[in-house]
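Student: Two chains, each in its own frame: build the complex with the hints.
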Amino acid sequence: MALIRNPFDHDLPSADSPQVHVHLDGKWVDVPLGLNVIEVARRFGKLIPHYCYHPKLSIAGNCRMCLFEMGTPKLGPDRKPVLDGEGRPELQWVPRPQIACATTAFEGLGIRTASPLVESCQKGVMEFLLANHPLDCPICDQAGECKLQEYAFDYGKGRSQFGEEKVRKPKRVDIGPRILLDDERCILCTRCIRFAREIADDDCLGITERGGYNRLSIHPDQRFTSNYSLNTADICPVGALTTKDFRFRMRAWFLKETQSICVDCATGCNVTIGSREGFVYRLTPRVNEAVNSHWMCDQGRLGFHPIHSKHRVLEPARRVETGLFPGEWPLVLGQVAESLRKLEPSSLALLVSARLTNEELFLVQRLRESLRGESEIFTEVVPRKGQADGLLRSDDLNPNSKGARILGIGADGEKLPELRKRIEEGKVRALFCLHEDAIGAGVPEEMLERLSLLVWQGILEDKSCERAHWVLPGASFAEKSGSMVNRAGQVQRLHRAIPTPGRAKEDVWILRGLILALGGEDVGQSVPDIFSKMVATTPAFHGFTWSGLGDQGVPLPAQAG
Amino acid sequence: MIVVRRPDLSWVEQLYLPGFWEGLKVTWHHFVARLSGKTRVTLQYPEERPPIPPGYRGAPVLVKDEEGREKCVSCQLCEFICPPRAIRIAPGGIPEDSPYAKVEKAPQEFWIDMTRCIFCGYCEEVCPEEAIFLLPQHYSLNGRSREELLHDKAKLYEMGGVLPLPIRKWANK
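Line by line, the protein sequences are chains A and B.
Counting along the first sequence from 1, when you hit position 385 you're at 385 in our numbering, and nothing is skipped either side.
For our numbering, count along the second sequence from 1 and bump the result up by 1000.
Derived from the structure by calculation, the hints contain no laboratory data.
It is possible that part of the hints are untrue.
To be verified - Computed list of chain B residues with no C-beta within reach of chain A, every gap over 12 Å: (1) MET1001; (2) VAL1012; (3) ARG1088; (4) GLN1108; (5) CYS1120; (6) TYR1157.
As the list claims (entries may be wrong) - Quick list of in silico lysine-lysine cross-link-like pairs, DSS-like style, CA-CA up to 25 Å: (7) B:LYS1025 - B:LYS1038; (8) A:LYS147 - B:LYS1102; (9) A:LYS147 - A:LYS123; (10) A:LYS171 - B:LYS1155; (11) A:LYS157 - B:LYS1169; (12) B:LYS1105 - A:LYS147; (13) B:LYS1105 - B:LYS1169; (14) B:LYS1169 - A:LYS166; (15) B:LYS1155 - A:LYS244; (16) A:LYS244 - A:LYS342; (17) A:LYS171 - B:LYS1038; (18) A:LYS421 - A:LYS342; (19) A:LYS166 - B:LYS1173; (20) A:LYS171 - B:LYS1102; (21) A:LYS310 - A:LYS147; (22) B:LYS1105 - A:LYS166; (23) B:LYS1105 - A:LYS171; (24) A:LYS147 - B:LYS1169; (25) A:LYS310 - A:LYS415; (26) A:LYS385 - A:LYS421; (27) A:LYS166 - B:LYS1102; (28) A:LYS256 - B:LYS1105; (29) A:LYS244 - A:LYS256; (30) A:LYS166 - A:LYS147; (31) A:LYS385 - A:LYS463; (32) A:LYS244 - B:LYS1173; (33) B:LYS1105 - B:LYS1173; (34) A:LYS385 - A:LYS427; (35) B:LYS1105 - B:LYS1038; (36) B:LYS1038 - A:LYS244; (37) A:LYS147 - B:LYS1038; (38) A:LYS415 - A:LYS427.
Values in this document were obtained by computation on a predicted structure and should not be read as measured data.
Heads up, the beta-carbon is just placed ideally off N, CA and C, and yes, glycines get one too.
Looking at chain B on its own, in the form it has when it is part of the complex (with noise of 0.2 Å):
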């Protein structure tokens, strides 16, 4: 816990009007701002994409590393911290003919429910692989049914592609 000490006003801050006058002025700025057109709320979408902030939290979906090789390894634990269940997963095995045959464990089919995820990033927390992100770019989500909101895994790698990311840790297993 951090306790935030309130600050110590002088006697002309304790009048408020200088927070009212910066107040106005900021409202005074936007104010000419709209009247000569410097500031456009409305964009042309889709045409015109609004800048989508770092951090923002689009859909979840699955990557793999820059060998190709899919991270995910069927842990489940996306599949337990998941709060509405939106995820579900059938845990498989690699053959032992793979190069990967040391990973072992690879999902069989994996589904995120789109029309249930609420976008919280649990699952991208919870990933011990770093195997599943929410990345900002699938932001605008959309089908014509239910079946198409519900993502299988070739649909996920597929959103998800290649994402190279220092930690290697199956390389020297």
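So here's chain A without its partners, still in its complex pose (with noise of 0.2 Å):
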């Protein structure tokens, strides 16, 4: 089950609902007994268009869009079915089209998708629903994913016999701080309202004026202030709630689409990141019923801007008395393996951040064993605390330590005070940060300052980076694959949708070079190999695999977490 509870289901009826017979098409299927009936056709690759129906909200039925022909079986005189040759019931076909939405399959029922009379009421309701919409297509940012567009291409009749003025209504109206809505282009299919009600718990939206008037408004005192407000401009079928980050920033069609998930929280909410060029410009949910369902928080989908911020550290550095000077990859990670290499192991501590992946985690296990002596090395994750909200949001803001855990690189931060303590004691002469900040992560400054060796990896400058010997720009969570561990323990895929920026590399890339800079073994280069050394050498993956993980993820085994 999702990690959010959905109101409604209507895509998955419960496991022990009986199997019934439904006449789709003219073919005999089975499905389960209360399945939506737009459910029901889809499950046959067969598509009822429609607006208002969402499969996680109530039912409308108000966009008319999903009519189709319904057929019941004909009783005989003694009230049991007429049986044709085949022993099927015979059908009796409703004489008027039925709302596919507010049906739900039973046994003997027939659905026709794509009859005569079915198509001509497609062609009514779209004349209907563009009668008063306005021609914005150049300069609406749905369009490309627009339903009213694709819909009215599909089963739109191409003309109009609306010559009257179209009605006026507002435009541009500010109703959050994250969403702008557009009442023209409204089609009053009332998702938004059904969200804002049902999911988000912020009933701020409705339906006021009346007839041709009728509009979308937002309560006069209140404003959507939901952090779970840009999902409605998702289920938006048409480009009335458009969010205020993305507008009019990229059309729909430039978008590379990558399937990867959010790294704002431990939820791991599966996303879509839409870039162009090298430039991320959204995020957007996509469907995992094991995590996230439909939805995301506006938090965690705005929270991509830093990795395109001027702070990003973009070339590999040595501090010198002048500042950093940049340096060549290979020369700077053979220099870096070297003055590793001359520490006592006990006095190198290594920060890592459970933001990480697990091969990159995996790679900081092999960096520490190749280091390793007598003594072990110190290591530690950051832990990141905020507020879970009952919905999506975890309370734990780093999206992998349950990775971090199991393989052992740190256990919420627990061990961080004695991290402060030896350094003060001036046990641990050398930091190497990764991705993290030692100053934000407890250290004061003036101990830094102590250190002998600071190597700093990560992607925006911070007090650390400024102290530290050595610079390593790594990559964010756009530009490098790999997987991770979300709070209910599903292992899930990131993929890279960019390349990363001036000379950064991605970090399994950096880490490689410097375990073999000091004579490690080769996991290998892709994420794919490192993967499967991974799961061969740590228990609670066994038996996973890269291609297996899928774009869903796959649980751990419950002891395992």
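Tutor: Encoded structure:
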């Protein structure tokens, strides 16, 4: 089950519902009793066009786009179904179309999704929906992924009998901090109203005015401030609700879509990264019924912006008196490895981020192995605590805390006070920060100055980077592939959407380079290779394969998490 | 598909001799015109300019309407359709205090790389706002560097100027 509780699951009937026989476009098929007719058709590759129906929201039945022809078993004088030659019930067809979204499957239900009656209904409904719709497509952000455009093309009649003036409604209405409303484009499907009421629990939207002047409005004293408000822009079938962040930034058809996961908290919502030519424009949620269902929070959705910040570190460099001196990667890696090798193993500590992927953490593990002598090398992750909201957001803001625990890198920062103590006492004289700021993790600035070696690997300049002797620019989540374990123990994949900027490199490349320079064993270049090596040495991941993770991830066995 | 029927030729026409005779007449006509100086082949370019036929596809430029409003709304269809990918657009919004706020969208920047353009005219054809045209007067393009041939928005509007057209899509919106 998803980590968020949906009030409705029209597409997922309960497992114990019995199978019934349904007549779908001339074929008898078996479906669970009570399954929504739109979902019945979808299961067999047929699309019943719809606007207001959403599998996770209550049924409104107001767009009338999903009209279909319905049949019921013909009853004989004995009130028993009349059977045909093959033992199937004979159907009699209801003379008027029914709405599919409000009909559920029962024994002997007949469905016609493409009869002449249905097609003429669809044409008529499309004509009504388009009567007052503005010709905004050139300036509308939804163009290219607009259901009204698509269905007008597929089911519309191509011309309108509407010769009157279109109704004017408010445009560019600011209804919330992140979302903008265009009432002229709205087709009054009420999906957003139902989402706000049923899932976001912020009941502030509604329909006002009458007849042709019907429009979506926000409560006059409220703003749509919910942390889930941007989901309404996703479920809006037209361009009535648009996100301020993505508005007029790029047309949808230019975006390359990469399936990945959100790294803003431990939930690991499945997302699609929309990027073009090395620039990420938006994240949109991707359906995964084991994690986030159809939704994601605004904070995670907008959390990608720092990857294009001007504070990105772009060049590997060494600190000299005058500042940072850029170097070539092989040289820098060789010199870093040399200075790491010279250290007493007990005097080195690795401050690792639980925002790294399993593969990177595994390489950290390998690096630790190849450096250790008699004594262990200290490693710990830095915890990030937030506020869980009871929906999707987790109180743990590190996306891979579970992975770090499984791979033995750290356990939610329990040992951080000890690290501080060891630095204070002078036992630890060298620190390797991986995507973490030591000062943010509680090590005072003056103690950092005392270190004989501070290696920093990360993406954004921070206080530790300013003091680091070596700076190694790494990759953000959109620039690397890998796997992470979310708070429910789902192992999920990230995929690389854009190349790393400047001379930054993927972290597995950097860590592998260090391991090789230290004379360690080669774990392979590609993430799938590293994954299979990791699986071989980590019992918790036993039996996992990189391709087997798929787009939806695989849950860890219960005892491992 | 149109099926064009071959003409039925009479037996005189089937000899082809009348055809040859007509062809030779044209050749003779040109021969005499050249000898007598009536036809001049060489133009003193750039002082003398050839007549450019209507519909000639010159450089693509952006135009404004008669009120001086930039017509382009940065829908990026031309960028999408452009076969050599000569067009780049940075889309942007129109501020709410502008008289054309209802248009909502306008390009922040618009580049056409004339070293890539193949003058196919798809951009003009695809434009839903009638904002980009391949104007015949811009048949002669030259520059001293590649940068000079990368036309930006200011240059494109300077070349395009005002092109009044009967359709006023946004006037009564």
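Student: Now tell me, hint by hint, if it's right for this structure.
Tutor: Results of checking the hints against the structure:
1. MET1001: holds (23 Å)
2. VAL1012: holds (53 Å)
3. ARG1088: violated (10 Å)
4. GLN1108: Non-interface label on GLN1108 of chain B violated, nearest chain A Cβ at 9 Å vs cutoff 12 Å.
5. CYS1120: holds (20 Å)
6. TYR1157: holds (19 Å)
7. B:LYS1025 - B:LYS1038: holds (17 Å)
8. A:LYS147 - B:LYS1102: holds (24 Å)
9. A:LYS147 - A:LYS123: Given that 25 Å is the threshold and the Cα spacing comes to 15 Å, the pair holds.
10. A:LYS171 - B:LYS1155: violated (32 Å)
11. A:LYS157 - B:LYS1169: holds (23 Å)
12. B:LYS1105 - A:LYS147: holds (22 Å)
13. B:LYS1105 - B:LYS1169: holds (14 Å)
14. B:LYS1169 - A:LYS166: holds (14 Å)
15. B:LYS1155 - A:LYS244: Violated. LYS1155 of chain B to LYS244 of chain A sits at ~30 Å, over the 25 Å cutoff.
16. A:LYS244 - A:LYS342: violated (53 Å)
17. A:LYS171 - B:LYS1038: It is violated: about 66 Å lies between the C-alpha atoms, which goes past 25 Å.
18. A:LYS421 - A:LYS342: Holds: LYS421 of chain A and LYS342 of chain A sit about 23 Å apart, inside 25 Å.
19. A:LYS166 - B:LYS1173: holds (9 Å)
20. A:LYS171 - B:LYS1102: holds (8 Å)
21. A:LYS310 - A:LYS147: violated (37 Å)
22. B:LYS1105 - A:LYS166: Given pair LYS1105 of chain B, LYS166 of chain A holds - Cα atoms ~21 Å apart, limit 25 Å.
23. B:LYS1105 - A:LYS171: holds (13 Å)
24. A:LYS147 - B:LYS1169: Within the cut-off at roughly 24 Å; holds.
25. A:LYS310 - A:LYS415: Between LYS310 of chain A and LYS415 of chain A the Cα gap is close to 33 Å, so the pair fails against 25 Å, i.e. violated.
26. A:LYS385 - A:LYS421: Holds - the C-alpha atoms of LYS421 of chain A and LYS385 of chain A are around 22 Å apart, at most 25 Å.
27. A:LYS166 - B:LYS1102: At roughly 15 Å apart (the allowed maximum being 25 Å), LYS1102 of chain B and LYS166 of chain A satisfy the hint.
28. A:LYS256 - B:LYS1105: holds (23 Å)
29. A:LYS244 - A:LYS256: Between LYS244 of chain A and LYS256 of chain A the Cα gap is close to 20 Å, so the pair holds against 25 Å.
30. A:LYS166 - A:LYS147: holds (21 Å)
31. A:LYS385 - A:LYS463: holds (20 Å)
32. A:LYS244 - B:LYS1173: holds (23 Å)
33. B:LYS1105 - B:LYS1173: holds (14 Å)
34. A:LYS385 - A:LYS427: Violated, because 29 Å separates the two Cα atoms, which is more than 25 Å.
35. B:LYS1105 - B:LYS1038: violated (55 Å)
36. B:LYS1038 - A:LYS244: violated (68 Å)
37. A:LYS147 - B:LYS1038: Cα-Cα ~65 Å, so violated.
38. A:LYS415 - A:LYS427: holds (15 Å)
In summary, the structure is inconsistent with hints 3, 4, 10, 15, 16, 17, 21, 25, 34, 35, 36 and 37 from the numbered list given earlier, while agreeing with the others.
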